[in-house]
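With chain A held as given, fit chains B and C onto it using these hints.
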Amino acid sequence: MIEARNLTFSYGKEKQALHGLDFSVEDGEIFGFLGPNGSGKSTTQKILTGILKGYGGRVSLFGEDMQSGHTQAFFQKIGVLFEFPYLYTNLSALDNLHYFASFYPREQRRDAEELLDELEFKKDFLNKPVSSYSKGMRQRVSMARALISNPRLLFLDEPTSGLDPSGAVLFRKIIEKEREKGTTVFLTTHNMLDADLLCDRVAFISNGTIAVLDTPRNLKEKNSNHSIVIDYLYQGRREEQTIEAPDMKAGIPFAYDELISVHSQEPTLEDMFIQYTGRGLS
Amino acid sequence: MERLKYQLKSVRRDKLCILTFFLPVVVGIAIRLLSGVSLQSISENSFGVLENRMDADTVEWLGANGTVTQYESLTELRAAVNDPSTQMIGVLQTGSVIQTFISGDELEMNRVIADTLPQIYKNQVETLSVTKTMIPATSDNDWLKSLLIVMTLVAAMFMGCTFNAMNIIGEKEDGIEFINQVLPMSASSYITQKTLLGFIGGTVSTIITALICVRTDIEHILPFLLIILLSAYISALMGLLIGCFSDGLMSGIAYIKVLMILFQAPPIFFYLTVPDSSIIFKLSYLLPSSATFYGVMDLLNGQTKALCPALAALSTHAVLWSLGYRLLRRRSGQKRNRL
Amino acid sequence: MWRGFSHLLKKDFRMMISGKFFLLALLSLCLYSGYINFVYAKLDQKIFPVCLYDPQGRLPDVSEYVTKLDSREALKAACADQYSVGIDLSHAEPEIYMLSCGMETTDHYRMAWGEAILHGNVDGQAERIGANTREMKNRREITAEFLFFELTAVGFLGLASMLFKEKQMGVIRVHGILPVCRGVFILSKLLLLLCSDLVFTILLTVINLGVSEAVEALVGVLLQAGILSLIMALVGFLCAVRLPDFKQFSLFYLILAVFVTTPVFLAGQTGMKWNWIVYHPMYHLFEAMKGAFFLTPMTKAPYYLACAGTIILLFLLSYQTLNREMAKEG
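Residue numbers (my numbering), protein chains in the order written: chain A, 15 to 296; chain B, 10 to 348; chain C, 29 to 358.
Next comes chain A alone, as it looks inside the complex (with noise of 0.2 Å):
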């Protein structure tokens, strides 16, 4: 679906702030794009999205050069879901997706009411003012800007900022069906949670270099120290063990006269971007 080889970019004569990237994304798979602020990562969205040109090195979606410039197909053929809720803030959550819709043919696209409602949007509000809405009603209208044209690569940037834990749970149900309906998705997210429950593959960006690209499973097995951590009761005291995972096969290996926990020492997403950058998401 995404083929990005040796893509440089650079801001001016002493900006660059790609160094030459290489990743491709399969069709139908959730890929995310992790890095902290100012790495990169919005940068590769603008170009894979048509927004930047005057790009180096090669990169091609739907199977076609996008050197040759971004066409109407093209952009008929994804949906872009923003950091910020774009929206007509004067116009109702109807209207806009009205109007964004039109620029889509007919056949393509999704009905407006059915998309805010599996969003789980509040009926009352459908024809008010966008600038009436809460930042998680902005959000939900964004996302069905973004899937109203049925979109078969869906750009997501921040997907679930500004909603309630609930509501973060709908919207990761609702990429994972997109992914079930073929959809290919590229997340861009400073979110660790979303990325590890959605994403078949991870590429950690940093200082405009992909310093891995891994499925967030690998990426933690690779990095873990197989140890255990064992809290437990012994003859009246609270005591804590750590053990190697293969020490485990026999059975716990020490004397215990109840198990309180058993942890595992797998690392998480996080922990292994600051291993393998050396800065923290921010």
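In short, the hints are calculated from the structure, not lab data. Just so it is clear, the structure is predicted and the values come from calculations on it, not from any experiment. All residues carry an ideal CB built from backbone N, CA and C; glycine is no exception.
Chain C stretches covered by chain B per the calculated footprint, using a threshold of three residues with CB under 8 Å from any CB of chain B:
{"hint": "1", "segment": "73 to 83"}
{"hint": "2", "segment": "114 to 128"}
{"hint": "3", "segment": "143 to 157"}
{"hint": "4", "segment": "270 to 276"}
What follows is chains B and C alone, placed relative to chain A:
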């Protein structure tokens, strides 16, 4: 059309655009409601006299030559004559003779009238045998009223830029411009949509205003419409430029205000002070609003002398501004890509 | 408290500089002065020109108001402006020819003027009772108008745009928790704007009236400018704090500029008489300003009492609104 519907809906909900739309209409109604007499009286000769201290015939004669205001005392009369906002000539009568007095700060015309009025009054008695030929006015020629109407119409036409400029600026502020970049919409479709917004706003507002305060012959309707359409189109292009170059609401509003002053003041100034045969007057056609102003003024006066140059100038402006806008857009596009 | 005040003053001064407030004021000064000196001061209207077609030379002594023409066609063409008066002496009986200008009284006077020229008696001298020349009257009049416009509309906008910037940046909220009196927050802005307006007033008056005339008028003009500046700055402050965004403020500004100041200018400048205009507060401010320029200063105590009351009321309202806004933002 579907897209335009929502764009117009967005404009309709913008209070600034609504006010811009209705402002010329309200002014048009005000001009229509103001009686011709009250506006004409500003440019008429103004005489101040003392109550009950002048013959009725003399008052009647003065009334035939201008407006007459009666004052109870000489102090009041002198104060009124001295009032800098008036061009009043004080008139006193002694027997069959009248004397005049003025403040001394009047226009030359009023000074000459004041100086010669006693003599002209005396001439009534010694009438000459003269043929008097007065060609009637071709139209209701209250020049001040015409001037106000033309100013209002020019403002309505060129205020069209507010509609699309505010729409583009609003899109920038709401972040819609980012969405526009990933929509399957060609640049020409975007330009057409935004131009239509300004064009429709300017045209409809002008036509409503014109229906309220303009009475013209049927044969003048077509050229009048042409002027409106061309001016509204140029104004819409200005709106695109303002929208393109404004980085926020404050700068956008400032640009619109500067543009309106630039488009309103020079044509009035040139029309009133510079002879139409002079080079400066011809150079004033470099400003599109001048062509509109002269053309509409001519039509209101029932003439067609300035019509052809006005239409030619407006057509040229329309073509040049379109090309200029395309060039600027291409350049800014290239610049954005280089960044 | 005064230490805080001086810091606020410094900050507001920097904000005004960065907002190009002084640059705009300077540009306005240049624009107004250029227009006054090169255009308005010279504005005049000549008496109706008389065009004479006299092939036999029957009118030997023609006055300075007469232009001789060679043909009847030339006479008709010259009279097409609906202003000139034509005299045709090619026939036995003289003919006064003209195109109606659309105003009965003016046409009547033009005809009488043509006859007076034929009579050959256009001499005389009316008594002059005023002290101003036309040029000085024009200068005083337009300077008063520009100053009034600058203080009511432009200054008002300047302060509001500065305040909107602070609102957008959210620093008004920060001032709510600083150990500085909120009244001082308003005072520092008022003081800066007042000083800037007074300097503008002095420059505009001196440049356009000349030093000697300006000195005579300045005390009265500065007093009126100070009153107007304070009132408008407080109205601007109140609106900028109260209204949610700059767009709504612009709307209010447009209404103020068009519907509030236009009748004042019309009534004050053209001699149009409307009975209701006395209830328009801006009319009295304009008349007082104009009076100061024409050396007939406003002496009515109720006017000054009303101005002082308005300023105090506006200050209290601004203070209350600012308090509410700070609480809301916080």
